[in-house]
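In the order they appear, the protein sequences are chains A and B.
Under this note's numbering, think of the first position of the first sequence as 1, with each following residue one higher.
Under this note's numbering, think of the first position of the second sequence as 144, with each following residue one higher.
These aren't lab readings, by the way, just hints derived from the structure by calculation.
All clues stand as given, with none of them false.
Taking CB as the label site, the calculated pair distances span: (1) A:G134 - B:R355: 58 to 66 Å; (2) B:R340 - A:R25: 23 to 31 Å; (3) A:R32 - B:R405: 34 to 42 Å; (4) B:A246 - A:R142: 26 to 34 Å; (5) B:A357 - A:V127: 57 to 65 Å.
Covered stretches of chain A, going by a simulated chain B footprint (3 or more residues, C-beta under 8 Å): (6) 32 to 39; (7) 85 to 96.
We put the CB at the ideal spot given by N, CA and C, even for glycine.
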Amino acid sequence: MSAPGADTEPIRVMLAKIGLDGHDRGVRVVARALRDAGMEVIYSGLHRSPEQVVESAVQEDVDVLGVSLLSGAHLPIFSRIFEVVAQLPEPPRFAIVAGGVMPDEDCEALRRMGVAEVLGQDTTPEVIVATVRGLAREASARL
Amino acid sequence: MTATASLADRVVAGEQAAIARLLTRIERRSPGVDEVISALVRRAGRAHVVGVTGPPGGGKSTLVSALAAQYRRAGRTVGIIAVDPSSVLSGGAILGDRIRMSALAGDAGVFIRSIATRGAPGGLPRAALDAVTTLDAAGKDVVVLETVGVGQAEVDVITAAQTVAVVSVPGMGDAVQASKAGLLEVADVHVVNKSDRDGAARTVAELTDMLRLAPPAPGQWQVPVVSTVAATGEGVGDLIERFDGHRAWLADSGEGQRRARRTTAARIRWIAEQLVADRLRAGHPDFDRAVDEVTERGGDPVAAARRLVQRGLGAGAEDAAAGSDPPDSDPAGSDPEGSARR
Numbered sequence: 001m002s003a004p005g006a007d008t009e010p011i012r013v014m015l016a017k018i019g020l021d022g023h024d025r026g027v028r029v030v031a032r033a034l035r036d037a038g039m040e041v042i043y044s045g046l047h048r049s050p051e052q053v054v055e056s057a058v059q060e061d062v063d064v065l066g067v068s069l070l071s072g073a074h075l076p077i078f079s080r081i082f083e084v085v086a087q088l089p090e091p092p093r094f095a096i097v098a099g100g101v102m103p104d105e106d107c108e109a110l111r112r113m114g115v116a117e118v119l120g121q122d123t124t125p126e127v128i129v130a131t132v133r134g135l136a137r138e139a140s141a142r143l
Numbered sequence: 144m145t146a147t148a149s150l151a152d153r154v155v156a157g158e159q160a161a162i163a164r165l166l167t168r169i170e171r172r173s174p175g176v177d178e179v180i181s182a183l184v185r186r187a188g189r190a191h192v193v194g195v196t197g198p199p200g201g202g203k204s205t206l207v208s209a210l211a212a213q214y215r216r217a218g219r220t221v222g223i224i225a226v227d228p229s230s231v232l233s234g235g236a237i238l239g240d241r242i243r244m245s246a247l248a249g250d251a252g253v254f255i256r257s258i259a260t261r262g263a264p265g266g267l268p269r270a271a272l273d274a275v276t277t278l279d280a281a282g283k284d285v286v287v288l289e290t291v292g293v294g295q296a297e298v299d300v301i302t303a304a305q306t307v308a309v310v311s312v313p314g315m316g317d318a319v320q321a322s323k324a325g326l327l328e329v330a331d332v333h334v335v336n337k338s339d340r341d342g343a344a345r346t347v348a349e350l351t352d353m354l355r356l357a358p359p360a361p362g363q364w365q366v367p368v369v370s371t372v373a374a375t376g377e378g379v380g381d382l383i384e385r386f387d388g389h390r391a392w393l394a395d396s397g398e399g400q401r402r403a404r405r406t407t408a409a410r411i412r413w414i415a416e417q418l419v420a421d422r423l424r425a426g427h428p429d430f431d432r433a434v435d436e437v438t439e440r441g442g443d444p445v446a447a448a449r450r451l452v453q454r455g456l457g458a459g460a461e462d463a464a465a466g467s468d469p470p471d472s473d474p475a476g477s478d479p480e481g482s483a484r485r
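One chain only, chain A, in its complex shape (with noise of 0.2 Å):
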């Protein structure tokens, strides 16, 4: 009755690390920050394709897909992502999230393929936290 709605939810997100990119250290500590934050992190485990990780964040019906890269490879295994995703039967509810290592030039260009926040290597577990949050909730409002 009482309940603040969505935030009593546990937030469902879903962390992948896609392609040749072998280094999983950031995201490992992402994910520990997100559980500690009281939110279900489902991570996929190393070099995924676009395919397996969408199909996954589909299945686990999660808030948001976070998408971790230090290999430079960002633009075209994001643009990837996104044709994945246009083929779906139905848009996915959930927000694509864009971490790691990334010139800010690209940052733009990501934006524009759909990506819904950019967050880079300095940023701080409480705005990884904070900005999941927010868009956890427009998700869960598309429930």
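Using the hints provided, position chain B relative to the given structure of chain A.
The following block gives chain B in isolation, referenced to the frame of chain A:
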């Protein structure tokens, strides 16, 4: 009503997004979800529901992945529900079972969902049972329910399965651990995974000895001990044969019907408890009135409780008769209500 029917229809048609959406609503116990499950129960019952449990580190996720791959080679579709514990401190969870199941990606014949325990002792078994019904109604030939076999809630979850496999690994004293956790009683099949390791033969012998202490009566199921190496797929085909054998025995012996009856009893009890519990919380007018009456006017708490339960049951029946639309069925407002009710 139409929305309810269409979500059920879309699940039965096997639409991934619809299945995923319903599983979320089940977890949140969103308003109207019971009506969707009711519609699906009638269209379920075809799947073989297999539970895989055991202590952490036994390679359960890898085994489930190998099982699913083998089922797929035989042309059978698979649904997987992987349950992991929530953190006691934050309520959050890291659900990593999918990492070991990446070989199944890209196959429309496999649906995988990770579920956290969310610290709800009674809520989890009910959600798991509803999730099994969902994947069953969606046409999966086999539904695999994977849980960490520690804690009563996790053991309760596994009772939603028709065939239960308890997974041990060599050299961890798991036979003893399994016995302590009460897992031996629920095992229909024992699996010794990672059986290429030292001590595998001894673990098999320990389990076999333990089973010999309570030999089955004629016509009863003889619990087998199967050795596997999930990482290579060794023994997995044999394991599936044992599962299928157990399913055939369930049908022939009448035990399957007895287990289905037990599951139905649990389902009815959960729904009934919810109907009553919804009226037994601060904020419900009848409940608040009863509390006022007892605290301020010296009323009898026992009589007040009896009246509440009787009125609750009567009102619940009226709600059901009035139609399946919950009073708060507008999409924007329904979510917070559902959360408050948990």
